[in-house]
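Quick note, the sequences are listed as chains P and R, same order. With the first letter of the first sequence counted as 1, position 157 gets the number 157 in my numbering; the numbers rise by one all the way through. Plus 1000 on top of the position in the second sequence (first one is 1) and you've got my numbering.
Be careful, since some hints might not be right.
Unchecked claim - Using 27 Å as the maximum straight-line C-alpha spacing, the simulated DSS-like pairs for lysine-lysine come out as follows:
(1) Lys1234(R) <-> Lys1098(R)
(2) Lys80(P) <-> Lys218(P)
(3) Lys1037(R) <-> Lys305(P)
(4) Lys231(P) <-> Lys1245(R)
(5) Lys218(P) <-> Lys1245(R)
(6) Lys1037(R) <-> Lys437(P)
(7) Lys49(P) <-> Lys512(P)
(8) Lys1308(R) <-> Lys1224(R)
(9) Lys437(P) <-> Lys1245(R)
(10) Lys305(P) <-> Lys1245(R)
(11) Lys1037(R) <-> Lys1308(R)
(12) Lys1098(R) <-> Lys363(P)
(13) Lys1060(R) <-> Lys305(P)
(14) Lys1190(R) <-> Lys363(P)
(15) Lys95(P) <-> Lys231(P)
(16) Lys1224(R) <-> Lys437(P)
(17) Lys1190(R) <-> Lys437(P)
Worth flagging that the hints you see were computed from the coordinates, not collected in a lab.
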Amino acid sequence: MKKNIFTYLLTLVVALWVITACNKSIEGRTDNISFLSPSNIDLNAGSWKLILLSRPDSFLVAPPAATNAPGYIGELNEIKGLQQNLTPDQIDNIKYWTAGAVLRWNETMRQLVAKYNLAPYQNEDGTYPFPSSANPFNYPQFPFANPPYAARAYAYVAAAQYDALVACWYFKKLYNRAAPYKTDSTINAHSGHIAKTDLPSYPSEDAVLAGVTAELMKLFFPTEIGFVEQKAADEKASSLASGKNTRSDWTAGEALGRQIATVFAARGRTDKAGAAIGTPAIWAQMEQDCVTKGEIPWISQESPKRPPQLPLFGKVKTFLFDSATLVNEVRPGAPPATSSQQFKDETAEVRYYTEHVTRDRMKMIDFWADGVATPTPPGHWNDIAAEDFLTQNFSEVRWARNMALLNMAMMDAAIACWDAKYVYFNPRPSQVDPDIKTLTGLPNFPSYISGHSTFSAAAATILGHLLPSRATAYNSMAQEAEMSRLYGGIHYRSDIEVGYTVGQKVGGYAVKRATIDGAE
Amino acid sequence: MKIFVNNVLAVAIIIAGIVSGGRASAQTDLDAIMMNKKQFCQGVTYDYSSWDHYWEGTFKRDNENLGTVSTQALMYMPNYGITNNLNVMASVPYVWTKASEGTLHGLEGFQDVSVFVKWRPLVKSFGKNQFSLFAIGGFSTPLSDYVIEFIPMSIGLGSTNVIARGMIDYRRGNFTATGSAAYIGRSNVKLDKDAYYDTELHLTDEVDMPNQTLYQLRTGYRGKYLIAEALLTKVTTLGGYDITKNNGQLYPNLRMNSTTVGASVKYTLKSFTNISVTAGGNYTIAGRNVGQSTMFNAGAFYVFYVGKKAKS
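Whole structure, please, built from the sequences with the hints as guidance.
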């Protein structure tokens, strides 16, 4: 018996060790990917159609020094110095950024959105405080990165990165200064973590991205400026130590990026997003307008009742079409009347799914939840896109172009969706049938049309154009995302089906742009 | 903010802070009671736990969108005496959750099966004082693929756990005092989501579950028919993260800590000693990222000898 006991104890200790000590560390999908190695450097991208800039040389970049000038030789020596005795951390930093700077900044954006995607906690008296860009460090933190806010932030950053890289490519081709690893074979020998291409290195595309993104963060995530500037500094360290860029490549690129950011920031300050919260009078009017039409108006089911989320976001300036097109072409017709048989049937369908929960449906609901403290549905589609783009060996400028198309489509989808939500002010299923209990968080805004459906259809449409071999997959993902909201008990079938149609339409405008922007 | 748990072990995990310690003295992994050789005990317990306040990190709050969150569990618990000093026991719980307010849907299902081996290598008497030493090892793992990322409505946290516990029991007449310390190793878990943010964005469905410790002191009366004890239990998560303000999307790697006080009673029928009934309660006096739960339980057990009663 004694022997058995010791065997048992030994087994226990081993099991404990296996479960606890044994590699518990987790690895993210993009933690250990190899460096970006473009199959085409897109040397002529300087001629691609710009989004906000009127010309690629709207902001001038001074000609660089020649590669045999003494100053430039000094810059090469700086790189050689940096390449001596690189620490493991420094090498990890190089690997992190050379996997793709558009990718890394996109991931950084997603992380910030998730961090800031939290609704304010109520005041003692049951009212809610609002985040203030004027006092971003006071609670509630600024911003509340809800889906419309996030869609807009992703779009501005992606669009600005695109314009900035088009300008960058314009000057690269114009000045045609070879990369340090091309100029000096000693550097070449020590830069094992980058693809050595014929792309001219002045001005640095990494620096353009760091500059344009860091500058725009002052608008979108003002409390994270320090964090973002540190990321930019890390990227700079990677760029120089890898032998990809000299200091003057970097300096010119960063300045260009920061200048171009101001154009986008100026648009952002006047695109009406700042007024999207509305006022109590406006909220009351929306409710009243719905009652006047003979419909049941949406009522917040949070307790205490929370003001509707960004009711005037539908007025925000779109990227891909104008406001008349939004109202006349994109805005959907009215949802089924709340007194109609169709509405009753659709409500009963929602109830059926919440009363017949299956594990498979729960998995879809969780996978696509993308609720508070997540990167939101637009962030999820950025993730999906990024992982596919990684397999395509795009140049940085093509990465930026595709991300800009995707994110402009999703921002405009947010605008179209929020427009419909507040034009129709339709109640949620659980409002009209209190026995409906939801399997995911209930969003605090009207039901019609479904945000997930609009975002997903817009994303699937443009992504399917960019990667035709994946079009079917994107479409089925979008449909799963949509259905998850019906299964979760927070949307009627009409919300989903009409949302899908609207999203497809918005995605179509992005496709239209893609076909004429010079990149295809 | 979830809650219940299976008797013994997982219990420690729940955000509601229920702790197995609150459970009746029915020869669990946390008490000093042993079955005799060839004695088989089986029983069913029912647990009800609820809370209307919880700790978001260290900030204590209520939530009108949850109201009172309750967890019920019905559990089958067999226990067998391999020898007088070596017992093996298990538990299989079925769990339901519910929120009294708001729109969130409750969940239910089989939670984690646990198996423990309890060994008493040493019993020493010094006059009227008796000391016993115990070493306890256990294992628990989910019985079903339940949802773990819908906290507090999830029925469990999904990890496979290994537990090692040392326990010392002091007895003088009918007075007893028992202290134990356990280390709970928890496996990583997988979400339905393929990315999540806790304090950073993770592009994976895998969550690193911090390990835990569980300390318990229990003292009271231990007679032939009646056992009544007071309990103090402390669960500490060795890592994990705090819930940020008003964050409703929670993951199982929260830093869930709790300190609970409670009592448990077991009574064996004098007229029919094969049958015993148990009852207990527990209350959370301090916590972090858990509900401030109040828990009650009741159970009934039937004991008999397998084959001939062993001569001891």
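Hint numbers contradicted by this structure:
Hints 2, 3, 6, 16 are the ones this structure does not satisfy, whereas the remaining hints hold.
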